[in-house]
Each structure stands twice: as C-alpha cells, then as structure tokens.
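Enquirer: So the sequence shown is numbered by the working numbering: it starts at 22 and just counts up by one.
A couple of the hints might just be wrong.
Derived DEER-like restraints, expressed as beta-carbon distance ranges [stated by the list, open to error]:
id	residue 1	residue 2	range
1	D98	M126	23 to 33 Å
2	R34	G58	28 to 38 Å
3	P159	M128	16 to 26 Å
4	D98	E170	14 to 24 Å
5	P91	A137	17 to 27 Å
6	S186	E38	31 to 41 Å
7	N40	K155	34 to 44 Å
8	Q154	E80	17 to 27 Å
9	N40	T112	15 to 25 Å
In short, the hints are calculated from the structure, not lab data.
For every residue, glycine included, the Cβ atom is placed at its ideal position computed from N, Cα and C.
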Amino acid sequence: MSTANSVIGPIERGWDELNGLIDSLGPHGLTLSGPDGWAVKDHLVHIAAWELSLLGLLEGADRRSAMGVPGADEETDSINAAVWALHRGMTPEQALDHFRETHAMLMRRLGTLSDADLQRPYNHFQPHDPRDQKDNRPVLDWVGGNTWEHYAEHTGYINQIVNDSSAAR
22 MSTANSVIGP
32 IERGWDELNG
42 LIDSLGPHGL
52 TLSGPDGWAV
62 KDHLVHIAAW
72 ELSLLGLLEG
82 ADRRSAMGVP
92 GADEETDSIN
102 AAVWALHRGM
112 TPEQALDHFR
122 ETHAMLMRRL
132 GTLSDADLQR
142 PYNHFQPHDP
152 RDQKDNRPVL
162 DWVGGNTWEH
172 YAEHTGYINQ
182 IVNDSSAAR
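All chains, please: the whole structure from these sequences, using the hints.
Expert: The structure is reproduced here in structure tokens:
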C-alpha cells in the first residue's frame, strides 16, 4: 500500500498493536473497569472522540462539536468527562464499532494529506480558533498526539486494567 504521507505507517503500527490487545480481550474484556470507573470500552470511545476532534481540526470545524460535546469546557479533563457521560451507556459492541468506524474516517481524511500539508501550522486549519496565533507548530503534532501516541498511552491503561483484573481473581 502506498502512503500519501509519513504518518500512515506509525498510525497503522500503533493501531494494529491496540487492536491486537482489544481482540485478545473479547467482548467480556471490554467491560473490565479500572479504579477510575472507566471500562476498556470507555477507553475506545475516548480514543474515537479525540480522533473525531482531529477530523474537526483538519476540516476547520469546531473540535468539541466534532466530538459531540459542543458545550464542554475547553479544559481537557472536562472534555473527557463530557465524552464519557455522553457514551457511557454504549454496549461493548457499539463502542467497538464506533471506535473502528471513526478510525476508518480519519484514515480516509489523512490519506488525502501530503507531508507538506502536515507541516502547515494548526492555525492554517483552524483560522478562527482563539488559541495563540503565534503557535506555529505543525498540525503533525496534533496528528501524532491524537493517534499513535494516544494509542500507546491507552494501551498502557488497558493493560493495567487487565493486569489488575487478573490479580483480583
């Protein structure tokens, strides 16, 4: 498969690792919860929400609206809590479908971008965002943070839930 840009490979590697873990857990494993009350399925929905945020960023849309929580406070913990409240009633199967469908949408969009596009600053994609207009970091930073870096972070959380659950038996 040829890639339009250099982010496709790291995203696919991180995605494959996370999906291997999810597949190994089976449907019951998606219901295992950590001490914070988040089940594995909640981590999947959380990842999907931030991928939707990334899609919103790339499309020039309001990122919180793209996540389904337009009224949430801008602080990350508030957004995460609003996403959790919105989706906590999902079944494991619904969460998994949402997770995979959102990822497919993001990958289609990322496949249209070149490496030069990914070097454009955040404000190129979000000219009406009130964030610091002097922030010239490339949008690539947000792509990594909301894909392969995020997958690795939550792979760790999910592994900890599984390990804690096994130790409790």
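Enquirer: Of the hints given before, which are not true for this structure?
Expert: Structure breaks hints 5, 6.
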